[in-house]
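Chemist: Keeping the supplied structure of chain A fixed, place chain B upon it in accordance with the hints.
Residue numbers (our numbering), protein chains in the order written: chain A, 37 to 177; chain B, 6 to 179.
Keep in mind the hints are simulated off the structure, nothing from the lab. Mixed in with the good hints there might be a few duds.
In the DSSO-like style, the derived pairs of lysine-lysine whose C-alpha atoms are separated by at most 27 angstroms in a straight line are [unchecked claim]:
id	chain 1	residue 1	chain 2	residue 2
1	A	111	B	177
2	A	162	B	99
3	A	155	B	55
4	A	175	A	125
Chain A is nowhere near these chain B residues, computed Cβ spacing over 12 angstroms in every case [to be verified]:
id	residue
5	45
6	51
7	53
8	62
9	70
10	96
11	97
12	111
13	130
14	137
15	149
16	163
17	166
The structure presented is a predicted model; accordingly, all values stated were derived computationally and were not measured. Where a beta carbon is used, it is the ideal one built from N, C-alpha and C, also for glycine.
Below, each chain spelled out in residue letters.
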Amino acid sequence: MISFAGKLRRKKGGQAIPLASMPDIIFILLLFFMVSTVLKEVDVKVEFDLPSTSTAEKFDNRRLTAHLFIGRDEKIQINDMVVSLSEVKEKMEVVRSRVNGVVVMLRVDKNIPMDLVNKVQIELRKAKCLRVNYISTQKSN
Amino acid sequence: MSLIRRRRKELPEVPLASMSDIAFLLLIFFIVAATIDSETGLGLTLPEYKPDEAPSQVEKSRVTEIRIFPDSLLINGTPSDLASIGEVVSTRAKESINLSSEEKYLVLILSSTSTRYFKYIEVLDQVKLAYRSVQDDYSRTKYGTVFKVLDETQKAEVIEKVPVLISIGEIKNK
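Bound conformation, chain B alone:
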C-alpha cells in the first residue's frame, strides 16, 4: 500500500525550475528575430489608370513641368540643374497658398525612357524638400513651430494650404 501511494504522489509533479530557462531561450529567439529597423522611403500616390483616355488636362499655368533627360534637366522648358528645382517649386507653392484647392499649382515630373532611376529619385527628393520647406515656413508663421511637431488637426490644415501635388509621366521617344 505504502509503495503505491508514494508512486501516485510522485507522478503528477512536473519540474518547474527549468521553466524560466525555457522562457528565456524563447525570449532571446524572438528578440533576435524581431526586426527593429523601419524602412525609409519617398511616398507617392500614383494617378488612377484610365485606358483609352487622354491624361487629364490641367491648365498649363498651374503646372511646373520638370523634364528629366539622361544628362540634362528642363524646368518649364528652360535648361536647368538639380539645385534650382527647390527654388522654383517653393516659390510656386508659396504663390498658391491662398488659392483654392482646385487651383493649386502642381509639379509634373516627366522622365525620358533612358533616364536612370536615381536621377528621377533625386528630382523627386528635391521637389519634396521644397514642399517641406514651404510647409515649415507656413506652420512657423501660423503656429510658431516647424511642421513636424504640430498636432494632427494643425498638420491637416497646413497640408490643406500647402498640399504636396506631384504627378509623374514619361517622355515618349519621337
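Excised from the complex, chain A in its bound form:
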C-alpha cells in the first residue's frame, strides 16, 4: 500500500510543468519585440504603382531612411507631409540635419514622366541627400 501511495505521488509530481518562470520568459520576449519594433511607419497619402525589377536588394536599416513618394497624380510626399516641388529641398535639408547619411526611399509611380523625377532628384542633390533607393517590387521569374 505504501509503495502504491508513493507511486501515485511520484506520478503527480512528474506531470506538473513549472509555471513560475512563465511570466519571466514572456517578459523577455516582450522586451525583445518592444525594442525591435519600429512603430511609426509613415502615413501614405498618395497612390502609386511601383515598377518591378529583378536586381532589387534588401535594405534593412530603417532608422537611416527618409521616405519620398511621388503619386499617380504627381503629388509629392516627404515622410508625412504632402509638399510641392519647391519645398522638397527645404524639407530634405531638415531631414538630413536630423539623420546623418540618410538614404531616401523613393517610391515613384511607374507612369510618372522622368521630367518630374529628375527635378526631384536635382532638389535632393541640392539638399545633399545623395543616397537614394528606388523602391521596386521583385519581378517573379
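Modeler: Frame of chain A; chain B shown alone:
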C-alpha cells in the same frame, strides 16, 4: 487589535496571477505591430550638385551612354533594345577590370523628359544585372564562388575591380 493587524497584512498584496496575461497581451500587440517585411529597391548614389558648373567632363571613350526615349533606346548613338544593354555593359565592365580606378568605364543613363519612370528603372535594372554578372564571374575565377557568399574583404576587392559606376542625367528638349 486583531482586526487592524489582519487589514494591514492584506493591503500590500497585489494579485500577480494575471501578470502573465497582461504581458501576453502586450506581447501579442508588439508582434502584430512589428513590420517584418523589409523593403527592396535599387540603390544609387546621386552626383553632388554643383551650381553654375558644367557637368564634370569624362572622356567619351570611357562612357557607355544609354539614351532613353519614350519608345526607343540608343546605346552609344545606335538604336537598340533592352535585351542588348546587358551584353554591351558587361563587355565594357570586363574590359575595364584591369584598368586603374580612375580609368574604369562608366555607364551614363540619360532619359528624355517624357520617358516614363518604369522605362528608366528597367534600364537601370539591366545595367545592374550586367554589373552583377561580371562581379560574379570575377569572384568565381578568383575565389570559386559567387559574389554574394564572399566575406567583406573579398567583396571589397571585387567591388574595387568591378565597381558599379552609373551616372544619370536628362536629355534637354531642343
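Chemist: Now tell me if each hint is right for this structure.
Modeler: Results of checking the hints against the structure:
no.	hint	result
1	A:111 <-> B:177	holds, 23 angstroms
2	A:162 <-> B:99	violated, 34 angstroms
3	A:155 <-> B:55	holds, 15 angstroms
4	A:175 <-> A:125	violated, 32 angstroms
5	45	violated, 4 angstroms
6	51	violated, 5 angstroms
7	53	violated, 7 angstroms
8	62	holds, 18 angstroms
9	70	holds, 16 angstroms
10	96	holds, 18 angstroms
11	97	holds, 18 angstroms
12	111	holds, 16 angstroms
13	130	violated, 4 angstroms
14	137	violated, 6 angstroms
15	149	holds, 23 angstroms
16	163	holds, 16 angstroms
17	166	holds, 19 angstroms
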